[in-house]
Amino acid sequence: MFIRVSAKRKQQVLEQKTEALNAHLSSLKVASSIKENIKIMQTLFADDDTFIERRVTGPNGVRYYITYCDGLVDSQVINEHLIQPLMQASFKARRAVDLDQLLRQVVQIGEVKKVKEFKTIVESITYGDTILFVDGMEQAAILNTKSFTLRAVNEPETEKLLSGPREGFTEAVMINLSMLKRRLRTNELKLKFKTFGERSNTTICICYLDGVVDKQVLGELYRRLEGIQIDGILDQNYLTELIRDAPYSFFRTTGYTERPDVVASKLLEGRIAILVDGSPVALTVPYLFIENFQTPEDYYLSFFYTSFTRMLRMLAFFLTISVPAIYVAVVAFHHEILPYQLIINLTAERATVPLPASLEALVMVLVFDILRETGLRMPTYGGQALSIVGALVIGQSAVEAKLIAADMIIVVGLTGITNILVPKLNSSIEILRFSLLLLGSVFGLYGVILGYSILLIQLLNLESFGKPSLSDIEHFDLQHIKDYFFRVSWTNMITRPAHLSPNRVRLKGKGSQ
Amino acid sequence: MKRLSFMKLTGLLATVAVCCTFLTGCWDYRGLNEQTIVAGMAVDVDEPGEGFFLTFEVVDTSVSPKEQGVRRKLIDTRGPTYLEAIRSSVEGPYPKLYFSNTPIIIISEMVAKKYGIASLVDFILRDDELRETVRILVAKGMKARDAFVPESEDDSLLSYNLMDAVDNITKYAGTNTDIRAYQIYNEINSKMDISFAVPAVILDKDPKGNPIPTLSGGAAFQNNEFKGYLEPELMQPYLIIRNELKGGILSFNLDNNKNNDVVLEVLKCRTSRPFEYKDGELTFFVKPNIRLEISQLNLDMDLMDKKQVEKLKEDIEDILNTRLENAVKTVQQTLKADIFKFYHSVKDRDPVLWGKIGKQWGEIFPNIKVKVETKITIDNSGNIRRQ
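If you're matching them up, the sequences are chains A and B in order. Positions 0 to 512 (numbering that gives the first Met the number 0) are the ones given, in order, by the first sequence. Positions 0 to 386 (numbering that gives the first Met the number 0) are the ones given, in order, by the second sequence.
Don't take each hint at face value.
[Claimed, not checked] Straight-line Cα separation of at most 30 Å, DSSO-like style, residue types lysine-lysine; simulated pairs:
hint : chain 1 : residue 1 : chain 2 : residue 2
1    : A       : Lys191    : A       : Lys214
2    : A       : Lys193    : A       : Lys145
3    : A       : Lys401    : B       : Lys340
4    : A       : Lys159    : A       : Lys113
5    : B       : Lys328    : B       : Lys340
6    : B       : Lys207    : A       : Lys401
[Claimed, not checked] Calculated Cβ distances over 12 Å to all of chain B for the following chain A residues:
hint : residue
7    : Ser5
8    : Asn143
9    : Gly218
10   : Ser264
These are computed hints drawn from the structure, not numbers from a lab. Yeah, the Cβ is synthetic: ideal placement off N, Cα and C, and Gly gets one too.
Using the sequences and the hints given, assemble the complete structure.
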């Protein structure tokens, strides 16, 4: 009984100590006595069994204290290039051991850094670095011994291409940066690190091209990032929602991609990319509305073909948000629009089903969404097949059982298929489709037109880091729309997108043809 | 672009909402299954001799068109006025009648004589469902209901067949007129002593001997008054003189003895009608200018020979002149109604004269002289020959 109580009290004391330490962590400095440093480290990493300590004494009796986290380091490097040299190095006088000298002459590790703050030490040791304390030194050395398994570089599942580069970002920011650097081999490519998250200490990297970027946008980005205080950032979306212009707009004002080639092209157009360690998705700003319809393939295949497909995507966006709404409006309010062959068929079909058109559309759109979500969340690839089978079977049987009109299946099918063409607008499409459907069900085409108007106002009013998200209609210029409804040939792609960069001309010579 | 303030945004939304009210049509929620689609309406005089007896050809939606094709059925109602007769149908065991897809209204001769056409046109234009473009036909020698009675071979709706017939005959045959309710209204509403013709429909026999409603000639009205029928062969002259021929074919037999038929397709027809008023006598010079294309020709002719072509043109012009002059004479003698719209030319070109003689137009029309001077152009008169 007594022992248990004492253990509990010990635990309490320890917790209090740790809390106090954490609170003071930012002001805690490396002490000159190695014993004290050992004590601090042990308190900081109490109850962390991956925390490894190693005490080494050199030939002259100099005491070293080496710590690292198991699983994140390459122990061969530590053994051969740190501990072994330390044990063999001989200095003349014990007191004369200098950390600089030690790092210069003894330690055989590439990247080393001297620190005084324990805060930095904690951030480094949890990222695979090894910390070396030397007795009598008020500084410690951070040695890069990182080694952890990462996912291989693969083609991103969500952004597959028929033709073009197949590399995709991984979860490690440095590997991602290497992919980016290989594409933009210039000193103008600036990469600034920042750390966010009180507890996650996530590294993010802000990338831009110095001669191309709009400094105002860059300043605005830094201003927005400055204010962020959050416990952890696990994916770029944490940042996205914290820095976006209109937090409650259903259109995005920041872009995302998993492809280094896309990031490179965005940087060349004067945009800024943010890479977040631990997330394979890069964030790009400013984000124009038209980027929702652009795919990297637009630039890798013939511009005739890709212009056509881009217009298809725009049509698909229009269809996927408005087909159910217009169908319900016509069937319930504006029969006069229908030619007689169609109205006869539709009437006969509708006469046999129990629900009114608006309710039926609402139910079917919901059912389709459920099936789609099921397909996405199914653990295996079988999910896709299952959801298609589900849709077919449910649709077919519902029509045969006269629960749902056949034309509603066509409407919902068209809605679902066109939805897939514009994946970047997924979140807004859901909201728009339901709002338009409700407006169409209550007010007919009047409601649909009203919905479009509100949508247009919202779009025209949308900004991304001070740049109008929709085209700037005040100053119309053919070069502005060269990459909108169609992608013109590279020979005509003379300037960068309007407003994105003060350095406008990108094509300075066309070459001979 | 500057971000909109809340006030501006609210104002903008209000403006949009108000504008949309005026820019979108009327809207009342009515499911498709809550209505019976009327394809055609037949108007007869009710048996006791007062009020209307209406017959609607409607789509029978109780059977699926997928399995059995489109089924039709007839609904009969009666009432003292059009609207009352239509409304009395709501008691029936079917959803409310729906008229926006009704292209055809057939009235019987009795209705035409007793009530005229004006009250029907007025009703059509005032009703919110019936379209202004509805075609009004007159049933010749039968009740209007009879036009809907025959079972069509492929179960198609007779009204829609008649609609297609009206459209196609005006476009490709040029032997009947396509006049819509709003056009009749415009004619009647011009506050003049006007006349016009609407297509007449008879019960003909199809090749198998089954009765089938067919367009045949026209029914002439003077203002609201039914004047009589136009024979089918009068319809083409009627259209040419009124400058309303849109297309179709002209056929001639050059010598009555020989097998010497010429068939030509009308590409364009413009008719001008200058007139002369001398010593209290009005003479009209009807000058149709027709561009034709040869469709069928006797092979004896050599079209490379200019003289022969000229001869052909002169022959055709002569025949057309006689045809048109005879047509006018027939109308002057039988109907005594100016369905050719000569009054229109007088009123337009010489308002002073119209002021003098306009009031007695009914007496003047049967006596006006008409001279037809046709001018034709023949296009594409080539020959091919294998060497």
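Okay, the hints, checked on the actual structure:
For the given pair, A/Lys191 sits about 14 Å from A/Lys214 by alpha-carbon distance, which is consistent with the 30 Å threshold. Restraint check: the Cα-Cα separation between A/Lys193 and A/Lys145 comes to about 19 Å, which is no more than 30 Å; the hinted pair holds. With a C-alpha separation of about 57 Å, the suggested pairing of A/Lys401 with B/Lys340 is violated against the 30 Å cut-off. The hinted pair formed by A/Lys159 and A/Lys113 fails the criterion: a straight-line CA distance of about 44 Å is larger than 30 Å.
Between B/Lys328 and B/Lys340, the direct Cα distance comes to roughly 15 Å. Compliance with the 30 Å bound is thereby established for this hinted pair. A distance of roughly 40 Å separates the Cα atoms of B/Lys207 and A/Lys401; the hinted pair therefore is violated under the 30 Å criterion. Consistency note on A/Ser5: stated as away from chain B, and its beta-carbon is indeed over 12 Å from all of that chain's, at 65 Å minimum. A cut-off of 12 Å between C-beta atoms confirms that A/Asn143 is not in contact with chain B; the least separation is 47 Å.
Every CB of chain B is more than 12 Å from the CB of A/Gly218 (nearest about 19 Å), matching its label as outside the interface. No beta-carbon of chain B comes within 12 Å of the beta-carbon of A/Ser264; the shortest separation is about 25 Å.
Going through the hint list in order, the structure does not satisfy hints 3, 4, 6.
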